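Participant: Chains as they are written, first to last, in the working numbering: chain A, 11 to 153; chain B, 11 to 153.
Check each hint, because a few of them may be wrong.
If several chains are the same, the list does not tell them apart, and a pair holds so long as it fits within one copy or across any two.
[Claimed, not checked] For lysine-lysine, the following PhoX-like pairs were computed, each having C-alpha atoms within a straight-line distance of at most 20 Å:
hint, residue 1, residue 2
1, Lys63, Lys53
2, Lys57, Lys96
3, Lys96, Lys53
4, Lys92, Lys53
5, Lys130, Lys96
6, Lys57, Lys148
7, Lys62, Lys34
8, Lys62, Lys148
9, Lys130, Lys57
Hints were generated in silico from the structure; no laboratory data involved.
Computed from a predicted model, the values in this text were never measured in an experiment.
Number of protein chains: 2
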Amino acid sequence: MNQLTIQQLNVGDSATTKKAFTEKDVLTFAEVSSDYNPVHVDKEYPKETMFKKQIVHGMLVGSLFSAIFGVQMPGLGSIYTKQSLKFTNPVYFGDEIEATVTVREMMIDRNRVIFDCVAKNQNGDVVIVGEATIMPPKESDNA
Amino acid sequence: MNQLTIQQLNVGDSATTKKAFTEKDVLTFAEVSSDYNPVHVDKEYPKETMFKKQIVHGMLVGSLFSAIFGVQMPGLGSIYTKQSLKFTNPVYFGDEIEATVTVREMMIDRNRVIFDCVAKNQNGDVVIVGEATIMPPKESDNA
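Let the hints inform the model, and build the full structure from the sequences given.
Facilitator: Below you can see the structure in the form of structure tokens.
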């Protein structure tokens with residue numbers, strides 16, 4: 011588990027995680043979030059929609075960015091202050107999603123780092139684009 | 011389950027949902043999102059942080075907005091295009107969170123509705139403030 015202070019980060023630094031969400035992940039997320047939208051949890055309903063098949067909740071896919079921030083970059087002790095998400099394409103069960111965050115701007119006096127966030131599927135289609143603001147840990151020696 | 015077209019919405023319309031997240035919810039969300047940040051999943055680590063106790067993932071709390079959009083307002087057939095979230099206060103296990111969305115702006119020619127989003131705890135402290143863009147269902151007769 012990383013723990014990078016703002017002094018240890020540079021514009022352009024990036025980190026990536028990958029995940030293919032299963033039907034079980036989606037049903038489990040529906041339970042914990044109370045988001046039982048049938049486009050996610052119902053086998054028949056999506057056939058009548060533009061998506062044709064069940065899709066993964068956008069907020070679940072977007073959580074991959076949170077996972078990167080908390081564990082990889084900046085890692086342990088990071089504080090999440092803002093996240094924006096634009097959902098640009100549907101994510102289907104089993105799609106291999108690659109989420110990447112890249113340092114865009116550093117506000118060293120305020121200890122805040124702005125990251126560009128992008129998630130793509132196995133075909134290279136962008137499924138989410140967004141931006142996050144993170145307060146990195148102030149010290150890296152108490153891990 | 012509602013299914014409101016843009017013609018059935020008005021600026022100022024709002025909908026609310028409530029949830030108290032449990033430790034089990036948070037551990038389950040960590041599994042499906044891969045977000046095992048110890049501030050959420052570890053009993054000891056948070057004692058050394060400004061939070062003192064384990065906190066709920068911000069993205070999980072923010073999912074309450076998604077739950078409202080997909081089920082209550084506009085409801086069935088809504089398409090989620092954007093969500094921004096600003097995390098303003100920590101959410102602890104058992105906090106009674108009330109999430110509310112309110113129609114702020116309607117772009118009828120593009121079939122898009124902008125909602126203000128706010129989540130508060132049982133003390134009235136704002137824990138998330140944000141904004142969402144939703145495409146409501148175009149017809150309400152295919153439910």
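Participant: Indicate which option fits the pair Lys62, Lys148 if close means a Cα-Cα distance not exceeding 20 Å: within, between, both or neither.
Facilitator: This pair counts as between: shortest inter-copy Cα distance 17 Å, intra-copy 47 Å.
Participant: I want to check one pair: Lys62 and Lys34. Are their C-alpha atoms no more than 20 Å apart within a copy, between two copies, both, or neither?
Facilitator: within (19 Å within a copy, 33 Å between copies)
Participant: First find the shortest C-alpha distance between Lys96 and Lys53 inside one copy, then the shortest across copies, and answer within, between, both or neither for a cut-off of 20 Å.
Facilitator: This pair counts as neither: shortest intra-copy Cα distance 25 Å, inter-copy 34 Å.
Participant: At most 20 Å between C-alpha atoms: does Lys130 with Lys96 qualify within a copy, between copies, both, or neither?
Facilitator: So Lys130 and Lys96 pass the 20 Å test inside one copy only (12 Å; across, 24 Å).
Participant: Please sort Lys63 with Lys53 into within, between, both or neither, judging by C-alpha distance up to 20 Å.
Facilitator: within (8 Å within a copy, 39 Å between copies)
Participant: Since the copies are identical, ignore which copy is meant and state whether Lys57 and Lys148 lie within 20 Å (CA to CA) inside a copy, between copies, both or neither.
Facilitator: between (50 Å within a copy, 16 Å between copies)
Participant: With identical chains, the pair Lys57 and Lys96 could be close in the same copy or across copies; at 20 Å between alpha carbons, which is it: within, between, both, or neither?
Facilitator: Intra 24 Å, inter 35 Å, cutoff 20 Å: neither.
Participant: Classify it for me, Lys130 with Lys57: is the Cα-Cα distance of at most 20 Å met within a copy, between copies, both or neither?
Facilitator: For Lys130 and Lys57, neither the intra-copy (24 Å) nor the inter-copy (36 Å) Cα distance is at most 20 Å.
Participant: Can you tell me if Lys92 and Lys53 fall within 20 Å by alpha carbon in one copy, between copies, both or neither?
Facilitator: neither (34 Å within a copy, 25 Å between copies)
Checked against the numbered hints given earlier, the structure breaks hints 2, 3, 4, 9 and satisfies all the rest.
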